[in-house]
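Chemist: The chain contents come next:
There are 4 protein chains.
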Amino acid sequence: MNIGILTSGGDCPGLNAVIRGAVRKGVRSEHMTFSGIRDGWRGLLEDDIAPLTTHDVRGISGRGGTILGTSRTHPYSQGGPEQMKRVIAARGIDAIIAIGGEGTLAGAARLVRDDGLPVVGVPKTIDNDLDNTDYTFGFDTAAEIATEAIDRLRTTAESHHRCMVVEVMGRNVGWIALHSGMAGGAHAILIPEFPVDYEQIYAWVRSAHDRGRAPLVVVSEGFMPAGADEQVADKGRDRDGRIRLGGIGNHLAPMIEDATGIETRSTLLGHLQRGGQPTAYDRVLATRLGMAAVDLAANGSWGQMASLSGTDIVSVSMESAVDKLKLVPQQRWDEVQVLLG
Amino acid sequence: MNIGILTSGGDCPGLNAVIRGAVRKGVRSEHMTFSGIRDGWRGLLEDDIAPLTTHDVRGISGRGGTILGTSRTHPYSQGGPEQMKRVIAARGIDAIIAIGGEGTLAGAARLVRDDGLPVVGVPKTIDNDLDNTDYTFGFDTAAEIATEAIDRLRTTAESHHRCMVVEVMGRNVGWIALHSGMAGGAHAILIPEFPVDYEQIYAWVRSAHDRGRAPLVVVSEGFMPAGADEQVADKGRDRDGRIRLGGIGNHLAPMIEDATGIETRSTLLGHLQRGGQPTAYDRVLATRLGMAAVDLAANGSWGQMASLSGTDIVSVSMESAVDKLKLVPQQRWDEVQVLLG
Amino acid sequence: MNIGILTSGGDCPGLNAVIRGAVRKGVRSEHMTFSGIRDGWRGLLEDDIAPLTTHDVRGISGRGGTILGTSRTHPYSQGGPEQMKRVIAARGIDAIIAIGGEGTLAGAARLVRDDGLPVVGVPKTIDNDLDNTDYTFGFDTAAEIATEAIDRLRTTAESHHRCMVVEVMGRNVGWIALHSGMAGGAHAILIPEFPVDYEQIYAWVRSAHDRGRAPLVVVSEGFMPAGADEQVADKGRDRDGRIRLGGIGNHLAPMIEDATGIETRSTLLGHLQRGGQPTAYDRVLATRLGMAAVDLAANGSWGQMASLSGTDIVSVSMESAVDKLKLVPQQRWDEVQVLLG
Amino acid sequence: MNIGILTSGGDCPGLNAVIRGAVRKGVRSEHMTFSGIRDGWRGLLEDDIAPLTTHDVRGISGRGGTILGTSRTHPYSQGGPEQMKRVIAARGIDAIIAIGGEGTLAGAARLVRDDGLPVVGVPKTIDNDLDNTDYTFGFDTAAEIATEAIDRLRTTAESHHRCMVVEVMGRNVGWIALHSGMAGGAHAILIPEFPVDYEQIYAWVRSAHDRGRAPLVVVSEGFMPAGADEQVADKGRDRDGRIRLGGIGNHLAPMIEDATGIETRSTLLGHLQRGGQPTAYDRVLATRLGMAAVDLAANGSWGQMASLSGTDIVSVSMESAVDKLKLVPQQRWDEVQVLLG
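First to last, the sequence lines map onto chains A, B, C and D. Numbering-wise, full-length UniProt numbering puts 328 at position 328 of the first sequence, and it's gapless, one number per residue. Numbering-wise, full-length UniProt numbering puts 260 at position 260 of the second sequence, and it's gapless, one number per residue. Numbering-wise, full-length UniProt numbering puts 285 at position 285 of the third sequence, and it's gapless, one number per residue. Numbering-wise, full-length UniProt numbering puts 199 at position 199 of the fourth sequence, and it's gapless, one number per residue.
Everything labelled a hint here was simulated from the structure, so no lab data went into it. Note that the structure is a prediction, hence the values are computed from the model and not measured. We put the CB at the ideal spot given by N, CA and C, even for glycine. Honestly, I wouldn't trust all of these hints.
[Stated by the list, open to error] Quick list of simulated restraints, FRET-style, between CB atoms: (1) Gly212(A) to Asp131(B): 42 to 52 Å; (2) Gly212(C) to Gly103(B): 54 to 64 Å; (3) Gln78(D) to Ser309(A): 53 to 63 Å; (4) Pro254(D) to His74(B): 16 to 26 Å; (5) Asp229(A) to Ser315(C): 52 to 62 Å; (6) Glu199(D) to His74(B): 31 to 41 Å; (7) Asn2(D) to Ala89(A): 19 to 29 Å; (8) Gly92(B) to Gly212(A): 43 to 53 Å; (9) Asp115(C) to Asp47(B): 50 to 60 Å; (10) Gly227(A) to Gln331(B): 49 to 59 Å; (11) Ser77(D) to Ser315(C): 43 to 53 Å; (12) Gly212(A) to Gly103(C): 19 to 29 Å.
[What the hints assert, rightly or not] To give a feel for the contact side, a few chain C residues facing chain D, derived at Cβ under 8 Å: (13) Glu144; (14) Gly185; (15) Gly227; (16) Thr279; (17) Arg283.
[Said to hold, decoys possible] Non-contacting residues of chain A with respect to chain C, defined by C-beta distances greater than 12 Å in every case (computed): (18) Leu15; (19) Thr66; (20) Gly80; (21) Arg86; (22) Glu102; (23) Arg113; (24) Glu199; (25) Ala226; (26) Asp229; (27) Met255; (28) Asp258; (29) Leu269; (30) Asp295; (31) Ile313; (32) Trp333.
Given these sequences and hints, build the entire structure.
Modeler: Structure follows, in structure tokens:
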């Protein structure tokens, strides 16, 4: 059995561990061979594919990025499934492991359902916004990097008696902000799921300041204050829908300074959160998912993906993972309230 | 309501985050007051107790160790429960949150069951050996530190074409070795639950070496090779039952060198694994457990402890957590086989 | 002898190690007592001063920030030297150790020269722009943090075949960019001392891209391309003269993308570079400088500061350190050329 | 001009940065070609040599170890200089850059002086024991790793009210112990150059304990207490003359515990200190040394090596670097005294 592997969408710490886990498992216990598809769907559409051996994957589980490259090419562009079928047939590829986030998995599910392509999935996102999986690899690393940054910024804030605003990633969900904010001891955590208004933010900042602390505000890139001007909300989104340059953190900092009289600085962590070595947690999770994906392929479980449930790796349908965003639930938001302010 | 908190047994990254989470939650939403009990059961038996305020716990969630101190004093020594009752009554303490591992929780469960003391628990162990909880805080940090060490040792091993043996903690279970070995790309992972023999170890080392790799062996301190001389097994345990000095890593290294002819070095990570800043994962888990323990106390759920189940914090009985060790299961052992050798 | 200590200007990893080194040395070998002056010159002008004991400084050498707080209050504001003299006399302070950068040391030198105040100095700046000292503490930490960030960004850049622009601190000099760029393997290093034009930048980016690399551009915040529009140069400086928001990195990224056709992203490291734990190098240097400053005070060497020369700590005049900026010299610029492109 | 490069002796963070710096410089500005000699002198004696291109060295400056491999093969074994001359002639090698420590540089100096081989050097040692150079790359990384370890061990020691002994590398000199001990806030620093007796060690430990601290002892592997039994001194040296297993830290810990009554634990950092990613400081220094070595080769400066003097890279004779060990001088020992106890 020959398995094609591709990584698609934004890169994510742990991708290489998935690839290694799959290749090691497939070669050693299933006598499979592997084909590395370059840059996600682009490589499949353009037949940019090369053999992938155990030698190619040695020592890579701790390396950031993806040795296969990635892109945002859409699977239904450039000839789409018909073109893919030609490439797959010519290459003798029997199954495809697609490692990606919401868009990739939705595309893969459709390729299976509508076009009968033999695809299984591995969920990937630093944002942790995929449903039907407890966590996705990449999230732990992103939360760890954000926490380390918050630790650093705290000392400079305290020395200068400043308020510090830290903008973290997360797209439309607040998981990275919630976890790094809890871990870093933030006085305000601002997430898209629960859009508090400006006055609440100022109140948290003032409360921390009144107790002699340097107020620390962690804000998810997708957060928008309740009652914010629409102009604020629309300004400066980049091609991924993320707020560019200005950013919500840079929007909030001067407003906090004006409202509270406390000198305020903003830091936008940006791409730091998705690069570099994955944590041990993410390496283990990614390796296990890669190995499980090979089982799915061996069993012909097209349309299924490997998923974390508690401490187990289970099989769920890709469609169930992308059906809706996994939001921070009310209970987690209630839980964190006593830590704020 | 006045809550006494104590930390008992070996220290563990995240203890301070539990303490902070409990105090913040209790003071802010339950109008509780807190008493810090010094050095575990010792402080309770000797009335070494001081008020613990939100001021005392500010900024501590990222700090290693425990601000309350810890000891291995047994709860049934020095007057035991009767003495504790006198201290509790004199101090006006209404409930005790005991943060500890197997021994602490077993003692706490008995204090509730046999002596009617108002105790709730928070599970703590870097070894991840407690049952009825998915993970315990401290484990993620220990596995991360071990993985970083393995990453470092790999480069020196490769430069010298050596085999490197790394001994990690874990007491009688292999979780730290399993996770850090998977994350670090080990060629042999040796854990107490599955005692392979010397020949299997040599075979893994030779296999990696034959492929041009520097063989990397991760061994859990509690591992003993199948067929090992009893003298080896008994030698040099310290007061905690851990192998001292010599250690299993130092035992294996010369044997591997002699059997395979490959120069072999051993490193014993030791206390590095339990000190220093907790990872973001552990800080979040520990904070949530501390907050949940306050709910248990508020509800009078004596004998219960806060526990991780999937992504939820739930309540389970302390007895269920210590009833038996949580071993690495057969399925996880089978899963990792394709990565070895 | 009673010594007042103050930290002034932007905070810097290592400040606490200076304070600890001075107090330990003064108390133990010179029988001095110490007074902690809050928030730089502000505390001296407003008599915000408290005793500083060896107990206060224990365990702080590895902590970021400054336990004394800092501010940008000017020494010749609020009553200036006459007011200081009153405070010093009332407090019984015999000497002041002023820890600060260019502005602080220039102010301190003038207080000695014009007003006869008993001040000695310790040079501090992450920018490494002080003359007559080989390095200043804080610089090594800043360069290390920037390098770690570049390492992270490289993997994401490579996975996406992108160009990555990283803006680092440094004010009007390029030391942080030079060192982190060399350490991180940058393909373009842009520093204020050597303002190359846009075409040169594009050429370096194209050259790296043509060899299959993800082009990595490290730019110092004070860099301005030769031939840049004056509007670009003036836009968006903050109160410290640093480029705010937009920043030079954010200016360059779209221009590079447009000129080369290579997708380009920008990251502004910002305050991350000056917070958190100092490196071992900075802790040792800072500790030694703190101890040497006590010797200067004991000897009445007013107007002198402790300085690093090779591996020795020597005494130089504060005026000599601030007389001119320490620029990256031509020879260091020539040296790095073969690494670019 | 064709340049052979070799790395010899114990591995050291920064070796790859030297190799990259040399190759980039030589290829780009001197039109040289390079030959990678495997495993130090072994590769030269056995003609185990391959072309080394700029492609081979891309992205390696941050990687630990050495891509060329290393060994302890002596240059005067296996046919020695005559054999080397045959290999060099056959390969068309015009110069050799030997990167190594005391033994390697002494051998290289002799090959130049006695046998007329065209060799220049780059000094390398984590121990910082080479004379006539301010620092050697690898030392900063080793001191940083040791300091991070000490930071971790401190928290566990404080929680348990224990004394912690940390044994660091350094061979016959105390530089790593001195710097990591200063940076980590050690209460006792024990180095070979100044062999204090057991009573002094106990006094430092008691003094720290009496002030409520967890005593922290940093001991260099080459330290031996004044008045120590000769049996202690001789026991358990490994092939490199380093104390194996037992180690001086493991020797001291029970003695401290017995003498002071304070529970004491020992940690031996071992090979962790020489592996993994080099610090930014070491990468910059190593890169500059590699580039300077190419200049030496281009100029035919046989017998010379690149060396750090202040902030400059200069040329000194290899013989001057190995003539005597660079010991920790009396003045640095006096300086650190106020920090101990």
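Chemist: None of the hints should be skipped; say for each whether it holds.
Modeler: Here is what the structure says about each hint:
| no. | hint | verdict |
| --- | --- | --- |
| 1 | Gly212(A) to Asp131(B): 42 to 52 Å | 43 Å, holds |
| 2 | Gly212(C) to Gly103(B): 54 to 64 Å | 57 Å, holds |
| 3 | Gln78(D) to Ser309(A): 53 to 63 Å | 60 Å, holds |
| 4 | Pro254(D) to His74(B): 16 to 26 Å | 24 Å, holds |
| 5 | Asp229(A) to Ser315(C): 52 to 62 Å | 58 Å, holds |
| 6 | Glu199(D) to His74(B): 31 to 41 Å | 35 Å, holds |
| 7 | Asn2(D) to Ala89(A): 19 to 29 Å | 50 Å, violated |
| 8 | Gly92(B) to Gly212(A): 43 to 53 Å | 29 Å, violated |
| 9 | Asp115(C) to Asp47(B): 50 to 60 Å | 57 Å, holds |
| 10 | Gly227(A) to Gln331(B): 49 to 59 Å | 52 Å, holds |
| 11 | Ser77(D) to Ser315(C): 43 to 53 Å | 51 Å, holds |
| 12 | Gly212(A) to Gly103(C): 19 to 29 Å | 27 Å, holds |
| 13 | Glu144 | 5 Å, holds |
| 14 | Gly185 | 5 Å, holds |
| 15 | Gly227 | 26 Å, violated |
| 16 | Thr279 | 6 Å, holds |
| 17 | Arg283 | 4 Å, holds |
| 18 | Leu15 | 8 Å, violated |
| 19 | Thr66 | 5 Å, violated |
| 20 | Gly80 | 23 Å, holds |
| 21 | Arg86 | 25 Å, holds |
| 22 | Glu102 | 18 Å, holds |
| 23 | Arg113 | 29 Å, holds |
| 24 | Glu199 | 25 Å, holds |
| 25 | Ala226 | 24 Å, holds |
| 26 | Asp229 | 18 Å, holds |
| 27 | Met255 | 14 Å, holds |
| 28 | Asp258 | 15 Å, holds |
| 29 | Leu269 | 8 Å, violated |
| 30 | Asp295 | 26 Å, holds |
| 31 | Ile313 | 24 Å, holds |
| 32 | Trp333 | 28 Å, holds |
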